[in-house]
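Residue numbers (our numbering), protein chains in the order written: chain A, 1 to 348; chain B, 1 to 348; chain C, 1 to 348; chain D, 1 to 348.
Simulated from the structure, these hints should not be mistaken for laboratory data. Beta carbons: idealized from backbone N, C-alpha and C, even for Gly. Fair warning: there could be bad hints in the mix.
[Stated by the list, open to error] Quick list of the computed label-pair ranges, beta carbon to beta carbon:
| id | chain 1 | residue 1 | chain 2 | residue 2 | range |
| --- | --- | --- | --- | --- | --- |
| 1 | A | Met1 | C | Gly36 | 19 to 29 Å |
| 2 | C | Met152 | D | Pro28 | 21 to 31 Å |
| 3 | A | Ser261 | C | Pro28 | 50 to 60 Å |
| 4 | B | Glu146 | A | Thr65 | 22 to 32 Å |
| 5 | B | Glu84 | C | Ala157 | 56 to 66 Å |
| 6 | B | Arg134 | C | Gly44 | 40 to 50 Å |
Number of protein chains: 4
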Amino acid sequence: MMIIQMNDHCTSLDVARVCDQQERPGCPVRIVPRSGGSCVVVDGDSDAARQAVSDLPGVKSVSITKCSYPLASREIFGAAHPVELAPGVRIGGGEIVVMAGPCSVETGEILLETARGVKASGASVLRGGAFKPRSNPYSFQGLGSEGIALLMEARQATGLPVITEVMAPEDVEWLAPHVDILQVGTRNMQNFALLKALGRVDKPVLLKRGMMSTVDEWLQAAEYILVGGNERVVLCERGIRSFDKSTRNTLDLSIVPLVKSLTHLPVIVDPSHATGKRELVLPMSLAALAAGADGLIIEVHPRPEEALSDGPQSLDLEAFDELMQAAGRILAALQFQEGKRCGLKIAM
Amino acid sequence: MMIIQMNDHCTSLDVARVCDQQERPGCPVRIVPRSGGSCVVVDGDSDAARQAVSDLPGVKSVSITKCSYPLASREIFGAAHPVELAPGVRIGGGEIVVMAGPCSVETGEILLETARGVKASGASVLRGGAFKPRSNPYSFQGLGSEGIALLMEARQATGLPVITEVMAPEDVEWLAPHVDILQVGTRNMQNFALLKALGRVDKPVLLKRGMMSTVDEWLQAAEYILVGGNERVVLCERGIRSFDKSTRNTLDLSIVPLVKSLTHLPVIVDPSHATGKRELVLPMSLAALAAGADGLIIEVHPRPEEALSDGPQSLDLEAFDELMQAAGRILAALQFQEGKRCGLKIAM
Amino acid sequence: MMIIQMNDHCTSLDVARVCDQQERPGCPVRIVPRSGGSCVVVDGDSDAARQAVSDLPGVKSVSITKCSYPLASREIFGAAHPVELAPGVRIGGGEIVVMAGPCSVETGEILLETARGVKASGASVLRGGAFKPRSNPYSFQGLGSEGIALLMEARQATGLPVITEVMAPEDVEWLAPHVDILQVGTRNMQNFALLKALGRVDKPVLLKRGMMSTVDEWLQAAEYILVGGNERVVLCERGIRSFDKSTRNTLDLSIVPLVKSLTHLPVIVDPSHATGKRELVLPMSLAALAAGADGLIIEVHPRPEEALSDGPQSLDLEAFDELMQAAGRILAALQFQEGKRCGLKIAM
Amino acid sequence: MMIIQMNDHCTSLDVARVCDQQERPGCPVRIVPRSGGSCVVVDGDSDAARQAVSDLPGVKSVSITKCSYPLASREIFGAAHPVELAPGVRIGGGEIVVMAGPCSVETGEILLETARGVKASGASVLRGGAFKPRSNPYSFQGLGSEGIALLMEARQATGLPVITEVMAPEDVEWLAPHVDILQVGTRNMQNFALLKALGRVDKPVLLKRGMMSTVDEWLQAAEYILVGGNERVVLCERGIRSFDKSTRNTLDLSIVPLVKSLTHLPVIVDPSHATGKRELVLPMSLAALAAGADGLIIEVHPRPEEALSDGPQSLDLEAFDELMQAAGRILAALQFQEGKRCGLKIAM
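Produce the entire structure from the sequences given, and follow the hints as far as they go.
Next up, the structure:
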């Protein structure tokens, strides 16, 4: 595979010329719009083709790779760089973000109380599900568009950007303008129609790892979004399925430093879904940060025992505040390793 | 949960009266159209509610259940009954169906050669992928609507009904009239938007088990389709993910008799994807039938070494013919057990 | 690795000469006594070494292999050959054996009643545990040597050879003379001290697959026994651990034909432990035979509801008889495939 | 189950009287010698039995439990208390221990170089394998008793206590006097004969979690040792088997805080075997401590590229020193949470 990076100021004619030269039967060419200059991805490579393209106007660099996710790879695109989630909120490349909020949006009051609480403790994104993927067709499926309206109100009231899950390709376009970050749930990690739709919008995407997906499949799923021209993908480890049921899922924390060595995309951890147990959320949040995660996403509810879903794994506001204080101390301790860990800076 | 079965000849007024009586806040009511008379599913139950509804006109029977998939359950809907896949092709309740064909539709010639071959050996459905779910965005994604056209031609030429995979909810409506059976792939078993769309069409659905899904989740996924009013769901075991990589997936054959004790829906087995190895397809096909499967779906290609995908697990036409002969002998041997195995009859 | 097979009539001097020639630092040499002539296994190989040894007296053949289990491999030792379990009872190479009996030996009466019953239905080996591996130290651990005495009585009364589990290396030597087959349980598949002890006795060994062991690890565990000079190893698939708990274990039946293509050792299946559910034992027994298993090991108890252990997965005598009749019909049906399946003959 | 704790100063007659009173058919009684006074474990319980025993002389307290590992449980034996590994080296209850050294003992020089290096960086126990459990019978199996002699020399030279693996019950008695801590490897976690032998010696035991074992099975395995009268058991999480092979095993870190809530035994983590990749050892060590682990066991080799086994996951001395410095900072940061985490004190 050949990745041709164009200059920032190249013309569309330059890009077209590259494509014309490279396109052959069985060797498709894709133009990927990117902030620092478009990319042309050629599915195939030869020394002759490489040589030929290098001299064309507008071409910045040409790379050959066997990596199955070139746009996501560090190999081609270098060290981790921050992703902008919303104005003033960046993640990765040393900047840490904690997202928090209820599993489902239930009422405006609860959502607002939660938003104010988590903001006070240092969270910088509000999470809340309006469309809920439920195993059972008879279970509560979320408030839908009414829930989106409540999220917009909470954002207005607190200034916190909001993240919510999108489950179907046809919802992507109408939903994107109303929220700040779109989330792909674990069951949809290989919903390729959904991934393609997300590649076409200008909003960051949080891509949860499939509960039975390998690291390689996960990065290729990210590539589906990137190749559509959406550069802002954040990965989220949320636990995999294993034989052991003593926790809800098995948090596969070792892949955090592994994935960070493979990709420039930020990686966060969801200890709430991973463990399914409130009392494990604090220690596993600290562990995730110590392992090098770029952030956390935490389920918080003012009164977890009244939550419509995921109560047993939700923290109350006090416990969340305690978590954030402990997280701050861990991040401060990690700061000393800066040189060794790709310039981790503490944003909190 | 309360399942109210209406008489076949009841009026829509009868149904409306039942709904009016049962609907309360927090206790939603769903009308499920069914061939033998509609069902009303009430999410909640009480002796009073049950008593009240029994006397209403048009009510045939009322059942209370804790089962999370009442419409799919044997508990409520009794023994396995055949599902009509196409005129003259029925599966389940003792009727066996073998589906065969290439992984992907590649050219009209190959497809037709395959269709004629598998029909001659006794297959009664032609399989072929036009929309291919691929882990990598740069891999061949299938011929799309062109592939559908080729399937329609092969059907016309051979009379074999065709099955193909559908990957996105927005494709369901336009695709349904052109094919006989719609397939849900393993990665989409919990794509709830897709399942809901399939609940609204009048075509049978083959629901593959998710590679990471429990039996309970699988039957609840079937329930998503059934509750939409589409009664024709066939389940397909195709191997799960485990620690062992000596076969492509781990064929979980024990769940065939288990699932048949839980549901009236037919269950078939895909030994091609389960094992990923051509030489294991014959023994595991026989094993599947011996375990009580209602059918098989087999990848066949006239020249597997030239196949664009899944060549190593595809049989050639000769090997498929050998498989069908062996299958016939096993089914004949099983016939003697008829009384013990819910009336398994040999349809071949 | 180099495998030097000696002639049957070679002298110990011939063997010594081969060893002297091949032994070098970092290149250990092992003499493996075998019925058809000893083997010398040399851990290392070179064309020169191979050439040199070929001319020595007593050398029948020399093979070079990268296989990690040369003595177990078909590659070196050819097609499956029957293993003698007891006088007149052979397994593999087309001969089928069914072993049956209670999980634990409980009383002489129950054991004898079971032995007579399973013999009448066609079982040719009596199983019964005297030393029970239990997860909990406070659980019933078996009758120990008293149980062995009861097994010997049952053998005397019925003529059935007996199989029982051995758990510790120090028990191997004293136990071997009293029973016909020694069983290694799933938790001990990689108890290398135990495997080494079993390599030194003249009794066949049933090696159950570890519940989390790969096929490769299993065959290497068999090699530990073979390299000690004990040629009579029978493999037993009994289910692996996976995420799905709808059956007690996940019966990995596809590895039966896979393993038979890799090794000459017989492979049987334990559907009782694999499924943990009585009603699944019959269909999975038939499936195992259809997949090519050389036999079955089945838990049978005259009154399963009174069994001290594994009652829910035990068949009563009537159900076992029904299983044996169905198995006979399946085996008869498979006979037609003889040419294709390495000469499977029906021994029942 | 009833746990009768005797006074420290009770007589053997007192204990005998308790046993006499409680022993009945089907209700076995075990005397467990313990430092703070023996325990009598009665397999069965009734109000009458409990009442009766309370009044006997020497009885300190009586507890009834349904826990399957009463001696290991916090429920009966309260908060974590430190375990003495060697004079001056204690683990648990807030005291942290790092064990380090080569996978296998290779030569005296390498071992001594490693021992001096890891001691200088703050390790307080030297690890090194003399008996190596290897999947393949032809692989290097360790230096055996010669390796033990080298460990003893390294201890003498550096003052570091040593830990080594024991694989067979018959090795326990002779090995125990020569080393400080005996290790049970992952493949032997349910080698019950070995566990029983370890229950009878006066040396601490490091019990690695089986790669296929649940938390419940692990604690019951510990109970096998405890019930023999050996109170000094330390648990070690070393990764489980899952579908994902991107790391050697899947480090199941969430069970660290979970297990610490269930048992008073210390829990350490082995990031070397868990990840199999040198570059993941540092981040996962920090994560383990942040999750609440009582210590670490790390593979270190002066020149990993020359190691006979596990080179790719071994740190060199410089990397280990860096790890220890980072670990110190994390532990200092965690100190602030003391009140919340059972009094974690930083021992380094």
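### Task
Hint by hint, work out which the structure violates, then give me just those numbers in ascending order.
Hints 1 and 3 not satisfied by this model.
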